[in-house]
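Peer 1: Sequence:
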Amino acid sequence: MESYDDLSKGPNPDGSLNLSYDQWEQIPTGIYELYRHQLTKLSLSHNKLSSVSKQIQQLLLLQDLDLSNNEIRTIDGSIGQCIRLRKLNLEHNKLTEIPKEIGQNCFMLQSLFLNDNNLDSLPDLVLPALETLDLRNNNLQTLPSKLSCIETLRNIPCNGNSDLTTIPLDMQSDSELVLWALRLQETYKSKVESRTKKYQEIEAIAKEKELEKLRLNLELEKLRDFAETLRRDRPLKYVELKESAMRFVSQSRERIIRGIQCIKYKIGRSR
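Going by numbering that gives the first Met the number 0, the sequence shown opens with residue 0, and the numbers climb by one from there.
It is worth saying that the hints were derived from the structure and are not from the lab.
Note that beta-carbon positions come from the ideal geometry of N, C-alpha and C, so glycine has one too.
Don't take every hint at face value.
Straight-line C-alpha distance at most 16 angstroms; calculated EDC-like pairs for lysine to aspartate or glutamate [claimed, not checked]:
no., residue 1, residue 2
1, 40, 13
2, 99, 123
3, 93, 119
Now the in silico label distances, taken between C-beta atoms and shown as ranges [as the list claims (entries may be wrong)]:
no., residue 1, residue 2, range
4, 214, 82, 53 to 63 angstroms
5, 93, 28, 18 to 28 angstroms
6, 7, 140, 44 to 54 angstroms
7, 179, 214, 45 to 55 angstroms
8, 28, 82, 19 to 29 angstroms
9, 212, 103, 42 to 52 angstroms
10, 254, 148, 42 to 52 angstroms
All chains, please: the whole structure from these sequences, using the hints.
Peer 2: Take a look at the structure:
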């Protein structure tokens with residue numbers, strides 16, 4: 000049970016409140032009720048927290064949140080509403096994932112500590128101010144290559160992830176080498192996506208030409224049937240006019256066929 004007496008002193012003049020090294024099993028609701036318009040820094044490290052509820056979104060002025068060394072397994076996505084966060088410490092917990100909302104909304108975040116958890120993947124992190132991302136000692140298998148696009152990112156240690164095959168083991172503790180490897184992966188990925196898109200465009204054109212060829216074949220068959228009818232039922236002049244039209248359609252079809260063959264040749268070379 001939480002005690003409001005433990006919160007009676009309230010935040011320090013600088014807006015900070017330290018509730019570390021206690022027996023809290025959840026973030027005290029009194030914090031939201033009493034100090035949500037004052038708190039800029041909150042520490043609840045070394046407690047017994049197991050989750051972070053959606054009430055966390057009420058702390059809109061929060062800039063520094065330390066929840067390290069707990070037993071947290073889940074964090075509600077509403078934490079993304081804490082858009083003033085500059086430092087978030089979640090190290091030494093039991094997280095298997097982090098909310099994607101952190102990476103989508105917390106644009107002022109500079110330091111994110113996720114080391115010593117059970118993370119096996121990361122969401123996309125669109126964090127233009129991020130300088131430090133600690134990923135050590137997790138179960139990560141890959142890292143998003145777009146992390147290399149964050150210009151401010153300098154520290155990204157990821158050693159201690161035994162299944163992380165995209166970053167060589169002897170490079171994982173060197174942030175510069177990690178970022179270099181991620182940039183290579185992002186460049187390769189962009190080239191593959193570009194070529195795939197080009198191939199799909201050529202293939203779509205080829206399919207359209209094939210459909211056009213089929214439509215012309217149908218029209219040609221109709222004209223042949225009509226010409227045959229004219230031969231039987233109409234004067235010779237009409238027959239000659241229809242045959243001339245058929246020759247025009249036939250020539251058009253030949254041009255389309257040659258165009259399709261050219262496209263197929265290009266597709267073959269691009270593979």
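Peer 1: How does the Cβ-Cβ distance of residue 214 and residue 82 compare with 53 to 63 angstroms: does it lie in that range?
Peer 2: Holds: the Cβ-Cβ distance is about 56 angstroms, inside 53 to 63 angstroms.
Peer 1: Given the hint that residue 40 pairs with residue 13, does the C-alpha gap stay at or below 16 angstroms?
Peer 2: 8 angstroms, holds
Peer 1: Do the Cβ positions of residue 179 and residue 214 conform to the proposed distance bound of 45 to 55 angstroms?
Peer 2: Once the Cβ atoms are compared, 53 angstroms apart, the range 45 to 55 angstroms for residue 214 and residue 179 holds.
Peer 1: Hint check: residue 93 vs residue 119, CA-CA at most 16 angstroms. Holds or violated?
Peer 2: 12 angstroms, holds
Peer 1: How does the Cβ-Cβ distance of residue 212 and residue 103 compare with 42 to 52 angstroms: does it lie in that range?
Peer 2: 47 angstroms, holds
Peer 1: Is 18 to 28 angstroms right for how far apart the beta carbons of residue 93 and residue 28 are?
Peer 2: 23 angstroms, holds
Peer 1: Does 42 to 52 angstroms hold as the CB distance between residue 254 and residue 148, or does it fail?
Peer 2: This hint holds: roughly 46 angstroms between Cβ atoms.
Peer 1: Can you tell me whether the CB distance of residue 28 to residue 82 sits inside 19 to 29 angstroms?
Peer 2: This hint holds: roughly 22 angstroms between Cβ atoms.
Peer 1: Residue 99 and residue 123: Cα distance at most 16 angstroms?
Peer 2: 7 angstroms, holds
Peer 1: Just tell me: holds or violated, for the beta carbon distance of residue 7 and residue 140 against 44 to 54 angstroms?
Peer 2: 47 angstroms, holds
Violation of the numbered hints given earlier is absent; every hint is satisfied by the structure.
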